[in-house]
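Novice: Residues per chain, in single letters:
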Amino acid sequence: MIYRENGQFKTSYLADQQIFTIAQDKWFVLGLIAFAAIGVPFLADEYLFRAVLIPFLVLALAALGVNLLVGYCGQITLGAGAFMAIGAYAAYNFMVRVDGMPLVLAMLLGGVAAAGFGILFGIPSLRVRGLYLAVATLAAQFLCDWAFLRIGWFTNNSASGSVSVAKLEAFGWVINTPVEKYLFCLIFVVVFALLAKNMTRASIGRQWMAIRDMDVAAEVIGIRPMYAKLSAFAVSSFFIGVAGALWGFVHLGSWEPAAFSVDRSFQLLFMVIIGGMGSIMGSFFGAAFIVILPIFLNQFLPFLGGLVGVTVSTAGISHAEFIIFGSLIIFFLIVEPHGLARLWSIAKQKLRLWPFPH
Amino acid sequence: MGFFIETMLGGLMTGMLYSLVALGFVLIFKASGVFNFAQGAMVLVAALAMARFSEWSNAALGGDSLFLANVIGIIGAGIVMFAVAWTVERFVLRKLVNQEGATLLMVTLGIAYVLEGLGQTFFGSEIYSINVGMPKDPVIMFEGLIEGGVMINKEDFIAALLAAVLVGGLTVFFQKTSVGRALRAVADDHQAAQSVGIPLNKTWVIVWCVAGLVALVAGIIWGSKMGVQFSLVTVALRALPVVILGGLTSVPGAIVGGLIIGVGEKLSEVYLGPYVGGGIEIWFAYVMALIVLLFRPQGLFGEKIINRV
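Protein sequences, first through last, are from chains H and B.
FYI, the numbering for the first sequence is 1 to 358, going by the working numbering.
FYI, the numbering for the second sequence is 1001 to 1309, going by the working numbering.
Keep in mind that a hint or two might mislead.
Claimed, not checked - What follows is a set of in silico ranges between Cβ atoms, one per label pair, in the way DEER data are often shown:
id : chain 1 : residue 1 : chain 2 : residue 2 : range
1  : H       : K167      : B       : G1002     : 23 to 29 Å
2  : H       : I22       : B       : F1173     : 45 to 51 Å
3  : B       : S1125     : H       : A44       : 51 to 57 Å
4  : H       : G100      : B       : M1008     : 52 to 58 Å
5  : B       : G1124     : H       : V220      : 38 to 44 Å
Stated by the list, open to error - Heads up, incomplete: computed chain H residues facing chain B, CB under 7 Å, no partners named:
id : residue
6  : V128
7  : A136
8  : A139
9  : A159
10 : G161
11 : V165
12 : P302
13 : S313
14 : I317
15 : H319
16 : G326
17 : I330
18 : L333
19 : P337
20 : L340
21 : R342
Think of the hints as simulated: they come from the structure by calculation, not from any bench.
For clarity, every value in this text was computed on a predicted model and none was experimentally measured.
For each residue, glycine too, the CB sits at the ideal point set by N, CA and C.
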């Protein structure tokens, strides 16, 4: 009853081509964005911004990129961390080496650089698929880890191997406080999420999905596998690269290659699978789950230990975190293999019928 | 010349050790179609159990018999690995029959986290040592053939021999015994295997046990080489290109792949490394695997991947 499509007639092509054709969807998304932009800055404190909200937004953007590739085009990748690194270091180099380079342009150029490498490392996908491809993309990961550690040019020959960005300024807006950083990230995430949503229902997204569902059949109906797969790699890497630049510039400020290690790649893939493959909303759910869970466990376990009179050591906590994190992943995959996004669509289905389920 | 051969032999020995870990991957993939990222964690847990059980038995019995401690350690670790196999099958895999490859892959990552946490909680997270009495001193060989001879680490040599024996045994097991045939049937198609009367659950327990034992052997050898510590987990990442190069479904492929990667790594590090700043071992292996993949998508020895529409 609350969420109903019927009765909403479109009388023009313009109305039919909206990103959200259903009024409820549109208002929900608009409300969510308005809340995130206006409501959250009043509610959250500095710690929440720095430790939870900013990482959540940036990683959600990266997970979105991974989801385009893994969820929509069906190409498993374990090299997402590498593309984040390429985005971050490329943006850094554009900032340092080009005088008067605007911040936003540098970040987008970082994304473009990541997209170029994405195409390069996407070439094996034309020949191999599935797990073989996953390992092939690991090559990108280790190559980048090594290159950014050993080749001084990328880090502007900094002695410690870590690079840092001094001042963030976009269009005359100096980004200093956590709230400003949060809003800066939010703008990127909203724009890119809408872009992704639009792309997945356009010709290019449908080509990806056809390739994912059965590549031979897709080829038969006239979809070029090379174009579809490589464009998926390029777009996905672009998203991940921009997210990497945000992670380095806005969240970390100064960073080392270890910030984009293979663990990050695994983490992003977790987000996509737990959140829901082939779902824009799912990327956000997954990112929220993965970002918040460790923080929650970190705070909650000592409290729980204190409750039963056991002092848990720091090592004990980190081990317990491993165990609980792993078990929750297994649990979620068993009870809901299609991810948290599936729960979301079940809820929508329920709202369609409520309060008269029959 | 002597140095070149020495480097190459060193590479071959390391390669054998890689193939030991790679074997675990191949076994589980062959028998359940699951790419088991938890193999590294299994190596760690096996090595930890082995090290700690032998230490505890020494402390409990008061004796200092190396042999007895090691036997108890191996038995204890074996039991632990069996428990792991049974638990994984009972509580995880049984509920995920016929799921997609990506889901199963993620589940094994979850298992890896749980194993790493549990293993370190029970057995501690310090650095432990395993001493199975392997000779450590290097020997000089082929003195007659090459000037100066070639220096070989006896420990590596024994490890390589052990790996070779293990591989031979497993190949026979997979190709000739009825259990091995059942395992291959399950890997091909869960439902089809079940419909001809192969018990899925039992088969999975068996194969995870075998993989656990392989992990134990790998853990003992790696552990006695570089100490039992958390970084053993990363050995799995070193073994991945080996599996891909040799083919995910081929036991001999794991061995040949291991040898190629081992030699390639060592030679590249020694002869190419100085020009580009060193440390190229790890990605060089992956790039080698990648190049092979471009020409043979199923790896060197893998079964040809046939796509049916």
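Novice: Next step is simple, just say for each hint if it's right about the structure.
Specialist: Hint-by-hint comparison with the structure:
1. K167(H) with G1002(B): 23 to 29 Å: With a Cβ separation near 58 Å, K167(H) and G1002(B) fall outside 23 to 29 Å, so the hint is violated.
2. I22(H) with F1173(B): 45 to 51 Å: violated (58 Å)
3. S1125(B) with A44(H): 51 to 57 Å: The hinted range 51 to 57 Å is violated for S1125(B) and A44(H), with Cβ atoms some 35 Å apart.
4. G100(H) with M1008(B): 52 to 58 Å: At roughly 54 Å between Cβ atoms, M1008(B) and G100(H) fall inside 52 to 58 Å, so the hint holds.
5. G1124(B) with V220(H): 38 to 44 Å: violated (58 Å)
6. V128: holds (4 Å)
7. A136: Holds: closest Cβ of chain B sits about 5 Å from A136(H), inside 7 Å.
8. A139: With a closest approach of 4 Å, the A139(H) hint holds.
9. A159: Constraint on A159(H) not satisfied, violated at 15 Å.
10. G161: violated (12 Å)
11. V165: Where the cut-off is 7 Å and the nearest Cβ of chain B is about 25 Å from V165(H), the hint is violated.
12. P302: violated (16 Å)
13. S313: violated (10 Å)
14. I317: Since the shortest Cβ distance to chain B is 10 Å, the answer is violated.
15. H319: holds (5 Å)
16. G326: This hint holds: G326(H) lies near chain B, its Cβ roughly 3 Å from the closest one there, short of 7 Å.
17. I330: Holds, about 4 Å.
18. L333: holds (5 Å)
19. P337: This hint holds: P337(H) lies near chain B, its Cβ roughly 5 Å from the closest one there, short of 7 Å.
20. L340: Violated, about 14 Å.
21. R342: Cβ of R342(H) sits 12 Å from chain B, so the hint is violated.
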